[in-house]
Amino acid sequence: MPSTFLGINTAYTGLSFYQAANNTTAHNISNASTEGYTRQQVIARATNAIKTHQSYGMMGTGVTVDRIQQMRNAYYDTKYRLNFAKLENFSIQNDYQLRIQSYIDEIASESGYTQMLSDISSAIEDLTIDPSGDTERTQYVNALDSFTDLVNEVANNLQQSQIDANDEICLTVSRINSIAQQVFKLGQEITVLEVDGTVANDLRDQRNLLLDELSGLVNMEVIEKPVTYGVGEKRVESPATTLEVRINGQLLCDSMGYRQLTVVPRPRSINQNDVEGLVDVYWAEDNGGMQFDLNSATLKGKLRGLYEMRDGNNCENLQGEMTAITSDTVTMALNPPVRIQDLNIDSEGSLLLNYGEYFYDDWSAEYSTNAEGETVLSEITFTGIKYRVTEDDAQIDKTLTVGTLATRDLTTIDPSLVGKPAMQGDSVDSKGVPYYMQQLNEFVRTLSDYMNELHTSGADKQGNPGLDLFTALDIKGNDFVLEGSQGETGTLRASDSSYWRINALNWSVNSQIQYDNDKVVVSMKEDIAQNNVSAHGVLDSILYGFSDPKMFTQGTPFQFMNSVSSAIAVDTLKTDMFLENMDYVVTSIDTQRQSVSSVDTNEEASNLMIFQNGYNLSSKVMSTLNEMLNKLINETGV
Amino acid sequence: MRVTNQMINHGALKNIQHSQTRVGDTTTQLTTGKIIQKASDDPVIAMRALKLRTTVSQLQQYKDKNIKDANSWMDVTETSLNNIVKRLTDVYDYCVQGANDTYDSAARASIIDSLQSLKNMIYSEGSATYAGRYIFTGYRTGTDLAFSTQESVDGVSYDINEHLNSDDFYLKKTVTNPMQKDQIDAYLADPTAYEAPRDSQAYTIKLAYDDLEDTNVAVTFDGKTAEEAGFTFVTKDASQVTSYYDVADDEIAYIPETGELVFGENAYIALQSTKDIAVSYTKSTFEVGDLRPDHYFDCIKHEPQTDGTIKDIEFTQPEKGQEIQYEVNFNQYLTVNTQGKDAITHDMGNAIDELSNALKELNDIEALISELNQKLADPTYNQNEDNVKMLNQLLADADVEMALKRDNLTKLFEKGETKFTNFMADVAALQSDVGTRMDKLDMISVRVDEQYANFKELRSANEDIESEEAIINWNEAQVTYNASLAATSNILQTTLLDYL
Chain D
1 MPSTFLGINT AYTGLSFYQA ANNTTAHNIS NASTEGYTRQ QVIARATNAI KTHQSYGMMG
61 TGVTVDRIQQ MRNAYYDTKY RLNFAKLENF SIQNDYQLRI QSYIDEIASE SGYTQMLSDI
121 SSAIEDLTID PSGDTERTQY VNALDSFTDL VNEVANNLQQ SQIDANDEIC LTVSRINSIA
181 QQVFKLGQEI TVLEVDGTVA NDLRDQRNLL LDELSGLVNM EVIEKPVTYG VGEKRVESPA
241 TTLEVRINGQ LLCDSMGYRQ LTVVPRPRSI NQNDVEGLVD VYWAEDNGGM QFDLNSATLK
301 GKLRGLYEMR DGNNCENLQG EMTAITSDTV TMALNPPVRI QDLNIDSEGS LLLNYGEYFY
361 DDWSAEYSTN AEGETVLSEI TFTGIKYRVT EDDAQIDKTL TVGTLATRDL TTIDPSLVGK
421 PAMQGDSVDS KGVPYYMQQL NEFVRTLSDY MNELHTSGAD KQGNPGLDLF TALDIKGNDF
481 VLEGSQGETG TLRASDSSYW RINALNWSVN SQIQYDNDKV VVSMKEDIAQ NNVSAHGVLD
541 SILYGFSDPK MFTQGTPFQF MNSVSSAIAV DTLKTDMFLE NMDYVVTSID TQRQSVSSVD
601 TNEEASNLMI FQNGYNLSSK VMSTLNEMLN KLINETGV
Chain C
1 MRVTNQMINH GALKNIQHSQ TRVGDTTTQL TTGKIIQKAS DDPVIAMRAL KLRTTVSQLQ
61 QYKDKNIKDA NSWMDVTETS LNNIVKRLTD VYDYCVQGAN DTYDSAARAS IIDSLQSLKN
121 MIYSEGSATY AGRYIFTGYR TGTDLAFSTQ ESVDGVSYDI NEHLNSDDFY LKKTVTNPMQ
181 KDQIDAYLAD PTAYEAPRDS QAYTIKLAYD DLEDTNVAVT FDGKTAEEAG FTFVTKDASQ
241 VTSYYDVADD EIAYIPETGE LVFGENAYIA LQSTKDIAVS YTKSTFEVGD LRPDHYFDCI
301 KHEPQTDGTI KDIEFTQPEK GQEIQYEVNF NQYLTVNTQG KDAITHDMGN AIDELSNALK
361 ELNDIEALIS ELNQKLADPT YNQNEDNVKM LNQLLADADV EMALKRDNLT KLFEKGETKF
421 TNFMADVAAL QSDVGTRMDK LDMISVRVDE QYANFKELRS ANEDIESEEA IINWNEAQVT
481 YNASLAATSN ILQTTLLDYL
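Chains as they are written, first to last, in our numbering: chain D, 1 to 638; chain C, 1 to 500.
Here chain D stands alone, though its shape is the one from the complex (with noise of 0.2 Å):
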């Protein structure tokens, strides 16, 4: 028989319970728009029947709140990660690729290389119909300089969004060092609140939520695993878990600790015409110091898309084989050789030797001519080389600073380097800044080496002979005076004031023919001798050029730009599409995960009546008892 109180205590469980319910429902209404927060659930069990020695056996005792639970599905946390860092990847690369776009903007703008081309076309055309008169001439210069400007502008604007893409890195990968420090803390709070077994609700969904954002920056996974006490077959799991975070397969942080990411400028650049201290992405010096590649084939995300609009180059970077090396110098057979007009290193810079980065101080390269009649070059030989001094190296030799540039025999190292890959920075399958700006760089040099020697056959006003129509501009802003390969072979130098040292930033018409009109040539010297002040045969040669469809391999010069400008309109829809994609992608996934962890209103309300009915009942029920008792006691048998 159990005791006459029995039923107050039923009573009250139920009002706990419903009392706990409705805390519940408020907590999940009061988060109802909360980012990140994950619909709650109160959990009843009915609590232990007692036995009553009675024929109908055992008696049921009410209500207990087994858990708070949160309705969350993992699955779909990994979908949608996996699939977010894809998301972010475009994302942030059809940012940067619309902007390019809109650097060579040739449909909504009136004056980009179309009209730019064409007014030349016109000025030249004037300027045969008369080539003596002087408005004609600084038309024509005019025409000219504005292209150049143009050219100049776009490649500016590219160096631009190289060094924007660049602090985009560094803000990313402190954002992945901050989220690496608050999750593993996050974690360690987890642990200590639910080794009892109960969950930490919403420190989870914090923790979820940074993870998600992580999942944006860079391809992660996660591994949760529980705590385990004891050694060997003793050992025994407990309701605690630990989280393991790796980003593209390296450990950002588990229950010990968290890792770090550092970024190192580059000492010297990859690329001729990239940015001052672009940077390489290294774990922290505590953390190994490894770099961390942001050229792998499996990263994704944020980091990805930026390392790909910073440094892609389409795989078209110098790549050869090492042929010869001494104690500081390397010889690269380049097979097939490369045009002077292809050639994107710097007069010193870094490269990859059997792919460890290593640096030089100059070149020089053997050319010789091609069956098209174009000077290319078949080796190149890097001089100074040296290599950049890590942790370990200076705990080696206490002579050496970590991060400076110190020399090394090559021959000792690593006698086996000859006949390993040689090559210029990473080979990135994307079209970023690199490549749209060694496109220019082919462009002007070809264009200039072209006209010049047109200009250069012919004579001035005064007779005297032709000047370079196109030079480059030095760093103190004087004009370089070009030198074509002096033979049929012999050897460049970086020094040299070869086509080389054009370049789409440099570029400018010749600052004496655009000082002095007088000096742009439009016939042969022999015309101007004899005061045949309307002959134009230089002149007609030039046009032609404009339009000489064997100057590219692509064409004239504006269907080479065309093609500039096709290759980003294409990628940019591209892109396009694959973000339309992703988004659509993902959204679904987040609305399946929506669909299990988003709170209902409507849902809570009606939890919040039947709760308070349950209350009600209860309550009810308890003053049935009280009533009940009070007959039993005070009015029973006195």
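Hints in this document: simulated from the structure, not taken from any laboratory. Every value quoted in this text rests on a predicted model; they were computed, and no experiment measured them. Hints should not be assumed to be uniformly reliable.
[Claimed, not checked] Heads up, simulated EDC-like pairs for lysine to aspartate or glutamate below, C-alpha to C-alpha not over 20 Å straight-line:
| id | chain 1 | residue 1 | chain 2 | residue 2 |
| --- | --- | --- | --- | --- |
| 1 | D | K525 | C | E303 |
| 2 | C | K301 | D | E526 |
| 3 | C | K34 | D | E110 |
| 4 | C | K65 | D | D119 |
| 5 | C | K65 | D | D540 |
| 6 | C | K14 | D | D590 |
| 7 | C | K38 | D | D105 |
| 8 | C | K68 | D | D119 |
| 9 | C | K320 | D | D540 |
| 10 | C | K311 | D | E526 |
| 11 | C | K38 | D | E153 |
| 12 | D | K525 | C | D298 |
| 13 | C | K68 | D | D130 |
| 14 | C | K320 | C | D298 |
| 15 | D | K525 | C | E319 |
| 16 | C | K320 | D | E526 |
| 17 | C | K65 | D | D134 |
| 18 | C | K38 | D | E110 |
| 19 | D | K525 | C | D312 |
| 20 | C | K63 | D | D130 |
| 21 | D | K525 | C | E323 |
| 22 | C | K51 | D | D105 |
| 23 | C | K51 | D | E110 |
| 24 | D | K550 | D | E374 |
| 25 | C | K65 | D | D130 |
| 26 | D | K574 | C | D42 |
[Stated by the list, open to error] From the derived model, a few chain C residues whose C-beta atoms are all more than 12 Å from chain D:
| id | residue |
| --- | --- |
| 27 | S117 |
| 28 | D167 |
| 29 | D211 |
| 30 | E371 |
| 31 | D439 |
| 32 | E457 |
| 33 | A483 |
A virtual CB, placed ideally from N, CA and C, is assigned to each residue, including glycine.
Following the hints, put chain C in place on chain D, whose structure we already have.
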């Protein structure tokens, strides 16, 4: 699947954004009138647009600049050639009259003036310009055809290489020992020194210029010098003026003053079928109005500079002349200029000079006859019997000389008729050439206009929106947007709580 308010909210917001983007896109299309706003919207349309734009602007250059300019250039040329023909006709008219009629001396004097001014007018047409550029001088559009200022001739001299051929031989009839007015008193004082004038003729070649230097002359006949051909080459000087055309049979004479080569009988017979007679000579006295050798001959100009040095400029004449060509359509070139050396020749001036010289000589001899008659009537002379005898003799000879000269003049006028007819025909040929080119240009112009219109249409079809379609699209987008706003606002307003 469980659906929550949050999902509906998110979904609704996303959809509103979608339809808002569409409203934005269609609005941009409507306001810019273009289908695409940036290349990545549709790279194919974009690249096609660029090509079409380039073609259109190139056609515009042909249409608005090159063709117009070519047309104006040829217009000026045509007017100028018309003027030349008019002047040549004037000369021709004098020839016709002169061949049939006899002018009196006053008329002759005025004709001489008219002929000279006609010559100047013809030569000065060579300085016709279009937009400040001389149109008849090939590529040398900065140099006029004839010297026009005193500065341009001061101190200038030329070494000229002139090429002639056997067609340039002509039989020149002259009077040797012509009577000279200022010599009458000398004849009277010493009758033995007097030689009667006589008719003489010789085959002659006229060079382009007269008043040449007597040094530095070289003549070759198909590459052979006169000596190599077996003849003697002599240079006559001014003291031999009365017997310039009196040459021995084996002699070839060079007369610097008149710029002529005179051939003896044998020399002419031997050389009359020479293909190339190359004469190189120096001329250092040019007058304003002379044609510049720059445009006619291979020559070297010696030009004094302000610093006292002499600058040598070598001119060569390309075989085809110097054609100025304009591109008037894609890869279609049209020659716009007419070679001045074809239209205005030294022969024209020389023929006019020859006529005026003959007229002047006739006037001179007439004056001389009247002088003789005066002297006969003058008592200071007619008292002396020897003088009277001599004067009568002179008078008789002068009459003969005048008859010869009158006959020469008539013949010259007759020849002039043919010559100037030929000159006119030459210029007319050039006129019709210009006319043909202008017709061709007209046709090209029509075609370019058509192409321009076509390509503009293609360009528009490629990149411009059709406004009806765009407006409908915009309306659709707007309707969807409004609907999504309305629906969303209703959904977000109500929850179950409203009904509890």
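Hints versus structure:
1. D:K525 / C:E303: holds, 19 Å
2. C:K301 / D:E526: Cα-Cα ~15 Å, so holds.
3. C:K34 / D:E110: holds, 13 Å
4. C:K65 / D:D119: holds, 13 Å
5. C:K65 / D:D540: Roughly 17 Å between the alpha carbons, so the hint for K65 (chain C) and D540 (chain D) holds.
6. C:K14 / D:D590: Roughly 13 Å separates the two Cα atoms, so the pair holds.
7. C:K38 / D:D105: holds, 7 Å
8. C:K68 / D:D119: holds, 18 Å
9. C:K320 / D:D540: holds, 19 Å
10. C:K311 / D:E526: Given that 20 Å is the threshold and the Cα spacing comes to 15 Å, the pair holds.
11. C:K38 / D:E153: With Cα atoms ~19 Å apart, K38 (chain C) and E153 (chain D) stay inside 20 Å; holds.
12. D:K525 / C:D298: holds, 17 Å
13. C:K68 / D:D130: holds, 14 Å
14. C:K320 / C:D298: holds, 14 Å
15. D:K525 / C:E319: Holds: K525 (chain D) and E319 (chain C) sit about 19 Å apart, inside 20 Å.
16. C:K320 / D:E526: holds, 17 Å
17. C:K65 / D:D134: Satisfied, since the Cα-Cα distance of roughly 17 Å is no more than 20 Å.
18. C:K38 / D:E110: Holds, at about 13 Å.
19. D:K525 / C:D312: With Cα atoms ~15 Å apart, K525 (chain D) and D312 (chain C) stay inside 20 Å; holds.
20. C:K63 / D:D130: The hint holds at about 17 Å.
21. D:K525 / C:E323: holds, 18 Å
22. C:K51 / D:D105: Roughly 15 Å separates the two Cα atoms, so the pair holds.
23. C:K51 / D:E110: holds, 14 Å
24. D:K550 / D:E374: holds, 12 Å
25. C:K65 / D:D130: The hint holds at about 12 Å.
26. D:K574 / C:D42: holds, 11 Å
27. S117: Check passes; 29 Å lies beyond 12 Å.
28. D167: holds, 28 Å
29. D211: Fine: 24 Å to the nearest Cβ keeps D211 (chain C) off the interface.
30. E371: holds, 51 Å
31. D439: D439 (chain C) clear of chain D: closest Cβ-Cβ about 21 Å, beyond 12 Å.
32. E457: holds, 19 Å
33. A483: holds, 21 Å
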